[in-house]
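S.K.: Sequence:
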Amino acid sequence: MTSDIHHYDNGKPLNRSEAIKRQIERDAARHFLRLYEHIYKTPMRNIWHNEPSKPDISCHLNGKPLDLEIAHLYASASEAKILTREIIHQVQGREEVIKANDKELELLHYLSDLVDMDSKQRLETALTRLLKSKAKKTYDSPRVWLVIRNASPLWKSKDFEYCINNFKMPKNPFEQIWLLPEFDGSEPPMRIF
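Quick note on numbering: the sequence shown equals residues 1147 to 1339 in our numbering.
Worth flagging that the hints you see were computed from the coordinates, not collected in a lab. If you're wondering where the values come from, they're calculated on a predicted model, not measured in any experiment. Glycine included, every Cβ here is placed at the ideal spot set by N, Cα and C. Careful: at least some of the hints might be erroneous.
In silico SDA-like pairs for lysine to any residue, Cα to Cα no more than 20 Å straight-line [said to hold, decoys possible]: (1) K1283 / Q1322; (2) K1266 / Q1322; (3) K1317 / S1332; (4) K1266 / S1222.
Label-pair ranges, simulated between beta-carbon atoms [stated by the list, open to error]: (5) K1278 / L1300: 29 to 37 Å; (6) E1307 / Y1154: 34 to 42 Å; (7) S1279 / R1176: 21 to 29 Å; (8) P1316 / S1199: 15 to 23 Å; (9) K1266 / G1157: 45 to 53 Å; (10) Q1267 / R1289: 16 to 24 Å; (11) K1304 / E1197: 35 to 43 Å; (12) D1264 / N1156: 41 to 49 Å.
Generate the whole structure from the sequences, applying the supplied hints.
M.R.: This is the structure in structure tokens:
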């Protein structure tokens, strides 16, 4: 366990992609913890990162250990590529050089996906796919919550409210599942399981 997002537990530096992944996970966890504390008046403290086999983040809820698995929800693989790059730019505070042709091609794939999609169906499909993927994993922890952060600009809180009411939850190893409907944490988290 470490609170350092740039080094492994053994002190060795993380590679660039792992450091960025940890920054993004920590950002999502901070949004969730702050909102949860504010709404439920229950302290959630001490964020630290874990090595594989443990969930992404550990913290304390009312002084008791709690692990959080962090996931980001996208409408499509094309959207994930585009938005992940934008998130990296925000996290690092710098512009990365990208060939215009690659960016244009990704954007065309994304726009093609949008034309063919029913937003509600896409949301249910994306959420189901993400949950099934996370449910296959095993976690070396007695208490794990899954925190899903919406990264897609296509969906807002009301879309999730409708979807969750009709959603068939797959079997999973999580004590609770929470959703951050807005990427920036401007909306309260929604408990979906």
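S.K.: Sort out which numbered hints this structure fails and list those numbers smallest first.
M.R.: 2, 3, 5 and 10
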